[in-house]
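J.: Residue-level listing of the chains:
4 protein chains.
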Amino acid sequence: MILTVKKDCDRNELQRLMNQLEKKGLELNFSEGANYIVLGLVGDTTALDVDWLKSFTCVKEVTRVQAPYKKANRLFHPEDSIIDVSGIKVGGHEKIVVIGGPCSVEGEQIICDIAQEVKDAGGVMLRGGAYKPRTSPYAFQGMGTEGILAMVKAREKTGLPIVSELMSADKIDEFVEHVDLIQVGARNMQNFDLLKALGKVDKPVLLKRGLANTIEEWIMAAEYIMAGGNKNVILCERGIRTFEKYTRNTLDLSVVPIIKERTHLPIIIDPSHATGDWKLVEAMSLAAIAAGADGLIIEVHSCPECAWSDGAQSLKPAKFASLIEKGRAIAQVIGREL
Amino acid sequence: MILTVKKDCDRNELQRLMNQLEKKGLELNFSEGANYIVLGLVGDTTALDVDWLKSFTCVKEVTRVQAPYKKANRLFHPEDSIIDVSGIKVGGHEKIVVIGGPCSVEGEQIICDIAQEVKDAGGVMLRGGAYKPRTSPYAFQGMGTEGILAMVKAREKTGLPIVSELMSADKIDEFVEHVDLIQVGARNMQNFDLLKALGKVDKPVLLKRGLANTIEEWIMAAEYIMAGGNKNVILCERGIRTFEKYTRNTLDLSVVPIIKERTHLPIIIDPSHATGDWKLVEAMSLAAIAAGADGLIIEVHSCPECAWSDGAQSLKPAKFASLIEKGRAIAQVIGREL
Amino acid sequence: MILTVKKDCDRNELQRLMNQLEKKGLELNFSEGANYIVLGLVGDTTALDVDWLKSFTCVKEVTRVQAPYKKANRLFHPEDSIIDVSGIKVGGHEKIVVIGGPCSVEGEQIICDIAQEVKDAGGVMLRGGAYKPRTSPYAFQGMGTEGILAMVKAREKTGLPIVSELMSADKIDEFVEHVDLIQVGARNMQNFDLLKALGKVDKPVLLKRGLANTIEEWIMAAEYIMAGGNKNVILCERGIRTFEKYTRNTLDLSVVPIIKERTHLPIIIDPSHATGDWKLVEAMSLAAIAAGADGLIIEVHSCPECAWSDGAQSLKPAKFASLIEKGRAIAQVIGREL
Amino acid sequence: MILTVKKDCDRNELQRLMNQLEKKGLELNFSEGANYIVLGLVGDTTALDVDWLKSFTCVKEVTRVQAPYKKANRLFHPEDSIIDVSGIKVGGHEKIVVIGGPCSVEGEQIICDIAQEVKDAGGVMLRGGAYKPRTSPYAFQGMGTEGILAMVKAREKTGLPIVSELMSADKIDEFVEHVDLIQVGARNMQNFDLLKALGKVDKPVLLKRGLANTIEEWIMAAEYIMAGGNKNVILCERGIRTFEKYTRNTLDLSVVPIIKERTHLPIIIDPSHATGDWKLVEAMSLAAIAAGADGLIIEVHSCPECAWSDGAQSLKPAKFASLIEKGRAIAQVIGREL
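Residue numbers (UniProt numbering), protein chains in the order written: chain A, 1 to 338; chain B, 1 to 338; chain C, 1 to 338; chain D, 1 to 338.
Honestly, the hints are just simulated from the structure, not real lab data. All figures in this text were calculated on a predicted structure; none of them were measured in a lab. Hints may contain errors.
To be verified - Partial list, computed: chain C residues near chain B (C-beta under 10 Å):
1. Glu32
2. Thr63
3. Arg64
4. Gln66
5. Ile172
6. Leu211
7. Glu325
Beta carbons are placed, not taken as given, at the ideal position from N, Cα and C, and that holds for glycine.
Using the sequences and the hints, build the whole thing.
T.: Encoded structure:
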């Protein structure tokens, strides 16, 4: 870490700061320029609080050299992490995974039917929301436990591992028991109590990027889970919030090479929530594969206009199947399988 | 609500949609133009799901006429709500309230000392974080219960009601017992399980706007709490995330007249988190009062560089006192007291 | 267009508004609901000013049904436009074009050398800036006319058509004479005088999206050129400004299917400026092709660290060649050639 | 400036970089840490190109210590600049100026009438657009020269200096001859050819912040004008683009203290374009004065719904007069006059 210090500062305050940094075990590198003093801090600065440093009036600027994350950092873990979701491997040079299913679970029969269609099309996991984060308190909030059990039934019938969103730590036991991959939604990406709870279990976690979170904050959210002891984190980009109005969110595909450079974690893409429009899903899915993503999570519904939520972004099974077929060809070009 | 329908659409699908809307008790107003059909929906559309409507391929556009919130809507509650926080009235034409205190509670003695300084300066409530949402798992996470009890002690000594952030529903009993005004932080603004839990108690809630949430989503978060039965919501703007780098966030003061026009709830401003820089706090505080805000929540610390978090944005007590004095004069100009 | 009108409005004002709309040749469709009046306007509303409508106090909301663009609108021009750039066809089902070259022209010899390398790698046009929009007045501002003439020489040697940025209408003659494809940079996307000047010539224009412009504003900028009489517009996405810090801009690839749905114009992608980092260029280029883009414009320099500007985002020729090879394979998958 | 260099880099490349930096007259401060080398550059780095530095593969990060602007920098010009606009002084401790007038000039009679009303209300300058930047080519583009001459007539009648927007350098002579304060609009903030042309005249310039430009880029735009020799720059904040939909733009009032800290230039606020809604103008105007702004520029029209553009954001004269009266009282509180 590098501190830029004002030359005309209170030297006593500066000395106090330097003493405190040395007490934290950091080596200091002092060099005085024409207008500023530059203070290099050598040692582990991961836990050093930038805001605390800035509260010293002598400090003008603080520059991080080391990333603030350790467990997720590729620097200290050069090989790709491969996350095992009940037998399906995600990441590394494993097959690209495609997860399909409805936004909300709406009943046992329908989720079983969709699961079969997802499987027939080439999908390897089933998604479905039982607890739904809805902007309006008057909107359908999900079937809850009944929905989870309907998914379990669909898994029994098709063999597909199931993915569902956990909204609150008090339901974690239910999810650990029944769900194969526990999703943290965008709105809860910085629900730190939830992240801490997930750090204590060993189920794989699908961590969606928050609507307005930087890549660094997203990796730090993964770090929360990993620091707690759970190494099984898969990152999922689902679009960020911008000024653009023709799409619901702006899908940021550049995260794919960035996540792969900076972390060792798998990264998958959710084109359905990113765009909010089924007509854009195929193009964005193929782009994600070409960019090097480890997987896709796509909304599929046999009757989008019958869906209880987010029908506008759901693909019909035939469209989903043809998307997978094209994706397979693109995967081959970049040396992967799907 | 108005639906714009493609003229060359599948008329059977359109008929199906219209039947379903009529079954929901809505009256339909059909008018066919040169290129489009316009369908006006008359009745209570609050709970109608825009995405469900968009999933019909015949629907091109959906336009809300009525706001999606009811309980918070000034239309149905023309007079200002005044929230009573243990005797301090917030909103309406009541006195403008100034809340002061440190980012984190750091010990009983120091919080009591700061509380006294806040009171001497003219502050009427004490803020202090006992559970801290921190981007890094390696940063100080707050003193927890011990911190809450230290604040209780500070209240005993000074009589100031206390404000603290609740991060998880499982601590709600502790907060209801000890805290006068329960804060929901920006990162939890759409933690819907937390909002629902707060709807079931009757403590006042200070609801911060999320980093990237629209005003409408923010009001909908208030609506969650109010729909559950708790009418005591105070809104708090604390800056939104933009591309600008000279400030931590961009303080959006236009929310003040907007919130007052659309809702009957009080609105207060947090200039400390918005700017991240104590040097900007006074100017933004005076601006907030001039804009018509019902209060301010400001970080105050007797020794910002000793603070365990966010020292960079904390005011020293003397500066806080002089800010209040200036704010009082501005309040008078716009016909309020402070 | 649909106007939502307050029911308790001044009916005289409403009548005045309706009279004025009828005088503009619009047919009005009046329907009175429980809380609002809905006024449908039938006819050509392209030139109707939303802000003028909103200035009537009776008007609560204005909703566009028809897009505000005509010439660029696919609705009125269903087949793809194919733009001919000195023999290179762009758009439709034509070959995907790859444009390569340095950020700035730095001399005749070096631009000729790079042009040859671009051609050898499979590039079909040469880019190079002679007039440079630089944030700092102290930074290199481009070689000007000398740079244009150096590019002309490179074209003579290699046969590659040349692309360069025009910053001001007063240089338009120079560009029409020498340049094959005139670029409008992101910062000038809404320099309307420049757009109008380009509407009067018949050279193809490469119109970059502004840093914070919506897709609709971007299409409207194309409409300016087309309304003036020049139909030869190619759109170019180069990233938008968001809060993210790990990339210079956020590349918005969803524009590809959106532009193709709403307009008949070709769309190409600039991954170099979007990311600002050469390490991300290949992944984003392949993604762009998979998404259906009609071309790429990529910074190439034989010695990035010798470049006078933007070296950080330039590819070396060998990397550029390998990118094209992979892109070719992906193009085949989606039924295109490169 | 500080370079963070990878420890395992190619030392030859690093040596080449260091040689080039020394040739530019910079002194180098080399310090080797555990994981990184830190290279401090001492000397004038204003013109050093960050992207050029990043193009060296050994360079990991570049941190500016000195701001990239000199002429606008308060560091080198501690006293406030006071800009004289035909006798009206702007900045420093001079009176707060209020500029009023219509969005577009619509005729001689009406601009003269509005000018008189602006003056009667307490406004000291008249604004009015003769050349209009409009998103649509089909919208009214302004009266051009005729509009400028109508404003000249209004100045003759009322004595108010006039402000109007220049969109293209080829009209600069007309503006220098007739206009007292030349406005650069938000969309042209980085039209560098226009900025350069304005640097060569000595008329005061009102430089609006771009829709998505950082404060630093905005100051750099002022630096362009000042580097050319014209020191008479007044900055004007008019809202930035964010995800929020209830306002047209988000007014960023924190620029007021920031601009005053970093530059010596006056800063005025445009609440009309920022909000797009006349109902919000008064609250934001009072807030701007409380924050320390040197002036306001407000849209005023005697008949907003008759206005040819932007009527939705225009105040009627009576409302404008009452705003000025309240503003005057707030100015007194902070020790200024209006």
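J.: None of the hints should be skipped; say for each whether it holds.
T.: Against the structure, the hints come out as follows:
no., hint, verdict
1, Glu32, "9 Å, holds"
2, Thr63, "4 Å, holds"
3, Arg64, "8 Å, holds"
4, Gln66, "7 Å, holds"
5, Ile172, "32 Å, violated"
6, Leu211, "9 Å, holds"
7, Glu325, "36 Å, violated"
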